[in-house]
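Asks: Residue strings, one per chain:
2 protein chains.
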Amino acid sequence: MSTGENLPLGFRYAATYAGIRKVEKDDVALIVSDTLASAAAVFTKNRVVAGPVTVAKRNLRVSRGRMQAILANAGNANCATPTAEAVALASVRVAGEALGIAPHCVLPASTGVIGVELDAGRIAGVLPKLKAALDTGPFDAAAAAILTTDTRSKTAFAQVKGVRLAGMAKGSGMIHPRMATTLAFVMTDAVAPPAVLRTALKQAIERSFNRISVDGDTSTNDTVAVLANGASKITPSAKGFGEALAEVLASLAQQIVKDGEGARKFVTIEVRGAPTDRAAEKIARSIANSPLVKTAIAGSDPNWGRILSAAGNAGVAFNPQQADIDMQGIAVCRGGFASDFSEDVLKKKLDAPECSIQFTLRGRGRGQTRFWTCDLTEEYIRINASYRT
Amino acid sequence: MSTGENLPLGFRYAATYAGIRKVEKDDVALIVSDTLASAAAVFTKNRVVAGPVTVAKRNLRVSRGRMQAILANAGNANCATPTAEAVALASVRVAGEALGIAPHCVLPASTGVIGVELDAGRIAGVLPKLKAALDTGPFDAAAAAILTTDTRSKTAFAQVKGVRLAGMAKGSGMIHPRMATTLAFVMTDAVAPPAVLRTALKQAIERSFNRISVDGDTSTNDTVAVLANGASKITPSAKGFGEALAEVLASLAQQIVKDGEGARKFVTIEVRGAPTDRAAEKIARSIANSPLVKTAIAGSDPNWGRILSAAGNAGVAFNPQQADIDMQGIAVCRGGFASDFSEDVLKKKLDAPECSIQFTLRGRGRGQTRFWTCDLTEEYIRINASYRT
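Quick mapping for you: the protein sequence lines, in order, are chains A and B. If you read the first sequence in the working numbering, its first letter stands for residue 1024, the second for the next number, and so on. If you read the second sequence in the working numbering, its first letter stands for residue 1024, the second for the next number, and so on.
Keep in mind that the hints were calculated from the coordinates and are not lab data. Note that the Cβ used here is the ideal one computed from N, Cα and C, for glycine as well. Accuracy of the hints is not assured; some may be wrong.
Stretch by stretch, here's where chain B covers chain A in the computed footprint (C-beta under 8 Å, at least three residues) [to be verified]:
#1 1116 to 1128
#2 1286 to 1296
#3 1325 to 1339
#4 1388 to 1402
Cross-link-like lysine to aspartate or glutamate pairs, in silico, EDC-like; alpha carbons within 20 Å at most [as the list claims (entries may be wrong)]:
#5 B:K1045 with A:E1266
#6 B:K1045 with A:E1366
#7 A:K1045 with B:D1367
#8 A:K1045 with B:D1349
#9 A:K1225 with A:E1266
With the hints as constraints, model all of the structure from the sequences given.
Replies: Next comes the structure, spelled out in structure tokens:
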């Protein structure tokens, strides 16, 4: 939960219901900085991109990385419709008019069903109300308004040398960020030029959103944006700020995995001894995306053969006889072969809500990574097989 | 079912229970040609390979593509154990002795749990019994002995100009063949030198086993082998034989998908208008492996946005506004946008046991492919989350 102390200075928030989602629950969030803020963002690498992604990219270019507001809606992805881009443009235009700022200083974002027209009038209709409601208080309301199949809000806070960071995210399914992810917004009152922000974001993303997977599907709307408005008048060191940003983003990314559709267990996969960090990531991703590994975890089955097999499919050359695997800190495989462990003991340990898998290659490789995923349960199927979630 | 007429001449079969699997059900199959046969095989591309795969590859090399027997067991993959290769070697040696043929003319294959020692004595112990039982009759018994989580046998037959082909396969989960697949054996009495057989197999695989997916996991034991013993004394044309082989392998591959773990629906994905056949395959594979597409099919949800999004993740450059999608022959997306279709009508059509998805890119691309997969149901989770299936 947010409190006055952990919110960055100079940002205000509002949320309301605009009738975009069927159930009456806030579906539009507005985040406004008192002054023009430095901004950096990363977006989905899907070839199919939503209207707001196209407009957000252009706005960042036109404004040279200066934004003053984020306008986000849930319930409709505003993607794969003839009007997607026009609706996103209309939304930033009316938001700019209402707030008295340039339209290209508004970053739009949407999430929800793909291929259904979004009525721009719904957002325009609630803008006066949103503007009037702007305050520091509704941070949590804004974080709630961007959720879809999520079962809980995802927020994270950090401080570094008097500078505050506050982040919010949504995401539960279609989670397989590559270079970007689902929606996440981080506000900070640090003084940081756009170039510094971009570098910090790029590095932090590689240790957070680019290291999680729920189901291996990459969304069309993935957007992670950071706004730094300098209201603290403090310029933190690039290193200190980068660490704080990575901390916030890693927390949000892990919250997304923990709230993965149908997930009951949070799984941390650590890979060490790979030829390169990139190779380590490939191995971790292959293990994280294997339905057979994920269902074994769901069933508390110490079936390490599936982990070894998934690693073998990663497209990384390694000698299986150099592979060691640990689950919950217990050696299950040494040099590619079974260790002498008690299946009953490990099975009980795997009933825990947090599970760890360590995959280590003996030898001189120094590549390593940490990756987060969740188990795959029948509930994931129930959620996604239901008609037009 | 096999009958005397559709079985190739000069092959005999046997199956028995050797105590490898827990339930008392045949778990060893022996296939023997009366004479040395031409042989070709493709194997898993997983970096982790089972002992029998290593030995089978070496035997094919040493014998220069001449085999006389296939020895396969279910219930244990003979993979990722210190003795895996030694056990596979011992098995082909005792089989060779029993049959009076060179050990390197026996092709071994295993399927089952990974990482548990296989007792070579169990196979050696049943070889006299297997040899005594060899006959043309037990073809179906051999096909049943190689099954694991499969719910039914997979066999296929073809004839071309007096030459007979008979195939058997197993496979239900861990199905994502890349250049190879699960276990499948095809026997033919055609006269065909190893080189001709290799070419025909390579081409047929690309239209069958390399175009299916159940869960995106590639096994450590995948083996498809063809034996041609020439007993018919007929040398079919390379083209005719290739077509017949492709027909048998496509049937077996489709039977594997239809028996996919938990599968209720068989899905055919056709991609057309891609820049190249390879690009078409990538798009089809991305659609086939998307859990969100597979769960939507399970729920009879005409959620074409997930299909478009999955195609966008294939790593193929295309303009989404040139994308047309049809489900069950009904236009659901034209030029990247929703078509005007009745969701209720299509939802009912998607309740059928066979579903079709057509993804077409407008323009001058001539790349195309056909790919088969199944829906993803709660039953898949139940099967794979259960302790050590």
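Asks: Determine for every hint whether it applies to the structure shown.
Replies: Verification of the hints:
Counting residues of the region 1116 to 1128 of chain A whose C-beta lies closer than 8 Å to any C-beta of chain B gives 0; at least three are required, and the coverage claim is violated. Counting residues of the region 1286 to 1296 of chain A whose CB lies closer than 8 Å to any CB of chain B gives 0, which falls below the minimum of 3, so the coverage claim is violated. Counting residues of the region 1325 to 1339 of chain A whose C-beta lies closer than 8 Å to any C-beta of chain B gives 12; at least three are required, and the coverage claim holds. Only residues whose beta carbon comes within less than 8 Å of a beta carbon in chain B count, and the region 1388 to 1402 of chain A has 3; three or more means the coverage holds.
For the suggested pair B:K1045 and A:E1266, the alpha carbons sit about 53 Å apart, so the restraint of at most 20 Å is broken. A threshold of 20 Å between alpha carbons decides the hint, and for B:K1045 with A:E1366 the separation of about 17 Å falls inside it, so the pair holds. A distance of roughly 19 Å separates the Cα atoms of A:K1045 and B:D1367; the hinted pair therefore holds under the 20 Å criterion. Distance check on the hinted pair: A:K1045 and B:D1349 sit about 27 Å apart at the alpha-carbon level, beyond 20 Å; violated.
Between the alpha carbons of A:K1225 and A:E1266 the distance comes to roughly 12 Å, so the proposed pair stays at or under 20 Å and holds.
Of the numbered hints given earlier, the model fails hints 1, 2, 5, 8; all others are met.
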